[in-house]
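If you want the building blocks of each chain, they are given just below.
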Amino acid sequence: MPDGALPVLDVRDLKTVFQTRGGEVHAVNDVSFSLKPGELLGVVGESGSGKSVTMMSLLGLLPSPPADVRNGTVTFDGMDLLNVTPEQLRSVRGGKIGFVFQDPMTSLNPVYQVGFQIMEPLRKHMGMNKREAAKRAQELLELVGIPDAKRRLDDYPHQFSGGMRQRVMIAIALACDPQVLIADEPTTALDVTIQAQILELMKELRDKLGMAVIWITHDLGVIAGIADRVMVMYGGQVVEHAPVQELFGNPQHPYTRALLKTIPSIAGERAARLTVIEGQPPIMAGAPTSCPFRDRCDVAMDRCAVQNPPRYDLGDGHDAACFYDARTGGPRDA
Amino acid sequence: MLDEGNKPLVSVKDLKMHFPIFAGLLRRRVGEVKAVDGVSFDVMEGETLGLVGESGCGKSTCGRAVLRLYDITSGSIEIDNREIGATPQTELRGMRPTMQMVFQDPQASLNPRMTVEDIIKEPLDEHTTGTDAEKREKVGELMDAVGLNRKFAKRYPHAFSGGQRQRIGIARALALNPKFIVCDEPIAALDVSIQAQVVNLLEDLQEQFGLTYLFISHDLSMVRHIATRVAVMYLGKIVELAPREALYAEPLHPYTKALLSAVPEPDPSLARATERIILQGDVPSPSNPPEGCNFCTRCPSVMDICKRVEPDYREVHPGRFTACHLYNDTNDTAGQTAGHEAQELTNKENLE
Ligand SMILES: Nc1ncnc2c1ncn2[C@@H]1O[C@H](COP(=O)(O)OP(=O)(O)OP(=O)(O)O)[C@@H](O)[C@H]1O
Ligand SMILES: Nc1ncnc2c1ncn2[C@@H]1O[C@H](COP(=O)(O)OP(=O)(O)OP(=O)(O)O)[C@@H](O)[C@H]1O
Ligand code: SF4
Ligand code: SF4
Ligand SMILES: [Mg+2]
Ligand SMILES: [Mg+2]
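Here the protein sequences come in this chain order: A and B. FYI, in the working numbering the residues of the first sequence are 1 to 334. FYI, in the working numbering the residues of the second sequence are 1001 to 1352.
To be clear, the hints were calculated from the coordinates, so they are not data collected in a lab. Idealized CB from N, CA, C, for every residue including glycine. Treat the hints with caution; some may be incorrect.
Anything over 12 Å on all C-beta distances counts as not near chain A; from chain B, calculated [said to hold, decoys possible]:
| # | residue |
| --- | --- |
| 1 | N1006 |
| 2 | M1044 |
| 3 | E1045 |
| 4 | T1098 |
| 5 | D1118 |
| 6 | L1124 |
| 7 | T1128 |
| 8 | E1185 |
| 9 | D1312 |
DSSO-like cross-link-like pairs, simulated, lysine-lysine; straight-line CA separation at most 27 Å [claimed, not checked]:
| # | chain 1 | residue 1 | chain 2 | residue 2 |
| --- | --- | --- | --- | --- |
| 10 | A | K150 | A | K130 |
| 11 | B | K1307 | A | K15 |
| 12 | A | K15 | B | K1154 |
| 13 | B | K1016 | B | K1307 |
| 14 | B | K1307 | A | K150 |
Selected chain A positions facing chain B (in silico; Cβ < 7 Å) [claimed, not checked]:
| # | residue |
| --- | --- |
| 15 | G162 |
| 16 | I194 |
| 17 | I277 |
Taking the hints into account, I'd like the entire structure generated from these sequences.
Below is the structure:
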């Protein structure tokens, strides 16, 4: 990864709120991050912490209402994606930015053949004719390890296994040689061997095309294996962010520390009971006025109840949003 | 191993589920996808049988077929002393409460026009009596149990994150206190802490109510934690089945060995250093499996015989089943390289 290179994607102070009958849900609160060409950013965090909503917001994929992207800038290719015309956005999406989401709205359409769905972006963004697109679609399916690719182009999504559907989505996301790939839990249905193949493929595309990747996953093993940097989310915010070795070797935020303790191991003693992080996730009903992890934090201080901690820069590309300094065992800037 | 007197709750024999392939303008039948091609296994009462294997190898199809969500091609399925392999769908309805499924694809299995409360309550309405208030209370308890905030009961599925949706499916499957649950990747989209919470919950329920699970997962560390025994599938067939500890300590089948070596390590310094057996070659298509052993196109230990003769699935050590020619004659092959490894294993086990 070229150090000091300009970011290919830069997100500042992104804020997304849902209007519901029960009031507002502040799903994403002032999230900022950037991504350099050829870099692989891993995103982890609690279920419901805002990982998917962050990425869908920046691509303008959330229906409004109920979603309201209130604030922020998303710089890509000299544009602010939050302030472009719908046509400009559509030409970026699925073209220079490829994506795989968990959301049903953006996944495979059950009534169209899989081949058609892969060929569509190729014809739209790359101007290919039908023959060229069909050939490329077959290549893409082979690339993601689908056996008998040519015949399977005519199949419908329900004829594929869960993991195969996921790989079809990855194939679609990669179709137009994107500069940025946003992948939201793209390998949850894949076994380890095929997952390893897909991860190899990602590294290859990064090296060959300089593709940058945002990889959202709950699998810390995957993060450890491929990410350059990791962003940890909790309660709609980035609570920690660091180079991968640093995050695993020297986690600073109490949530990250707790998270790393919960991983069951394939080697060593089998635990009688798995470790969980006790307590409930935050409700996120309003803009945060305290630390979202406070109720579950074992080192919480008075201050944590009245102030939301900012992201403290800890040097070497590491930052953490916490008033407690794990290195000294005391408050950070009392 | 299992206690004496433990009997199978589910007994599957030579189960096949083939899907027809139609092609051409006339949509003529030109072949079939042998998604599940002759599998046999028991699930003991109160145990968790883990089912693992590569994407597309037939795990979901197997789980669905066992619950008769399909009309199966052939084979026998006995659940709770009742043969249901050929039972018509209409007659199965009465049995549905005892056997449930947590589906792999949470968004496809939740009705987008129903609130979460109604989704979880639906099976209660269909199969139980009781007042609406009682049922609502039960829904609340189920939501607590899977870590969903009761305040969200009136929301629709789209307002939930991926992991939250998966938990709605689990709460629904648990609603009728079933005896047997097929869990198809029930925790795949959850973060590790909530995975742990759900797995602990499944274990608690098992202890409390003696539940029996078929647990489909590609997460080998989680399977190691939850399963009593583990079955490994490859291309429509079970290639190995063994008690948990034995399988992880000494996998017998070459495919199991490769699978275990590929588990990602949650430590970056180790992750980049560990030895992996990366399998060569493409996964064959289940509509056109290779001659002989299904794994022969990718097996690092392949022999001539493997390309001609399909290995029998049999018990090679007490409680350990595998289908591989390396273990053909476990007891008298000292001179043969192929049997050597198996011989070593036998010796080791004799010592123990
Ligand atoms: N349409 C909506 N209306 C109200 N709340 C919503 C809506 N969509 C999402 N949310 C809420 O926003 C929060 C963030 O959701 P998001 O999908 O980003 O979580 P996530 O981090 O991706 O979780 P997971 O790991 O489970 O996928 C969740 O608490 C969710 O309930
Ligand atoms: N309805 C169907 N019609 C035709 N083929 C099907 C159908 N359902 C499944 N298949 C095929 O059967 C094979 C096994 O699929 P299955 O869903 O059982 O795999 P799986 O082991 O669950 O995989 P994954 O881990 O990816 O979920 C695949 O090749 C799939 O394409
Ligand atoms: S800010 Fe306070 S409550 Fe929040 S994680 Fe740090 S110590 Fe815990
Ligand atoms: S039978 Fe032969 S090809 Fe098949 S797994 Fe055993 S050694 Fe490998
Ligand atoms: Mg998500
Ligand atoms: Mg499946």
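Closest CB of chain A to the CB of L1124 (chain B) still more than 12 Å away: Its Cβ never comes within 12 Å of chain A, the nearest being 24 Å, so this holds.
Check on N1006 (chain B) being off the interface with chain A, judged by Cβ distance over 12 Å: Correct as stated: the minimum Cβ-Cβ distance to chain A is 21 Å, above 12 Å.
Hint consistency between K1016 (chain B) and K1307 (chain B) [alpha-carbon to alpha-carbon, up to 27 Å]: With Cα atoms ~22 Å apart, K1016 (chain B) and K1307 (chain B) stay inside 27 Å; holds.
G162 (chain A) as an interface hint toward chain B, with CB separation required under 7 Å: 5 Å, holds
M1044 (chain B) and chain A, when compared Cβ to Cβ, separated by more than 12 Å: 19 Å, holds
Beyond 12 Å from each Cβ of chain A, as asserted for D1118 (chain B): 16 Å, holds
Supplied contact hint for I277 (chain A), tested at 7 Å Cβ to chain B: Holds - the Cβ of I277 (chain A) comes within 7 Å of chain B, reaching about 4 Å at its closest.
Status of the I194 (chain A) interface restraint (C-beta, 7 Å, chain B): 5 Å, holds
Holds or violated: K1307 (chain B) to K15 (chain A), with C-alpha atoms at most 27 Å apart: 59 Å, violated
12 Å cut-off, C-beta based - E1185 (chain B) kept clear of every residue in chain A: 6 Å, violated
Beyond 12 Å from every chain A Cβ - status for E1045 (chain B): 22 Å, holds
Closest CB of chain A to the CB of D1312 (chain B) still more than 12 Å away: Nearest chain A Cβ is 25 Å from D1312 (chain B), so the label holds.
Consistency with the previously given hints fails for numbers 8, 11, ordered from lowest to highest.
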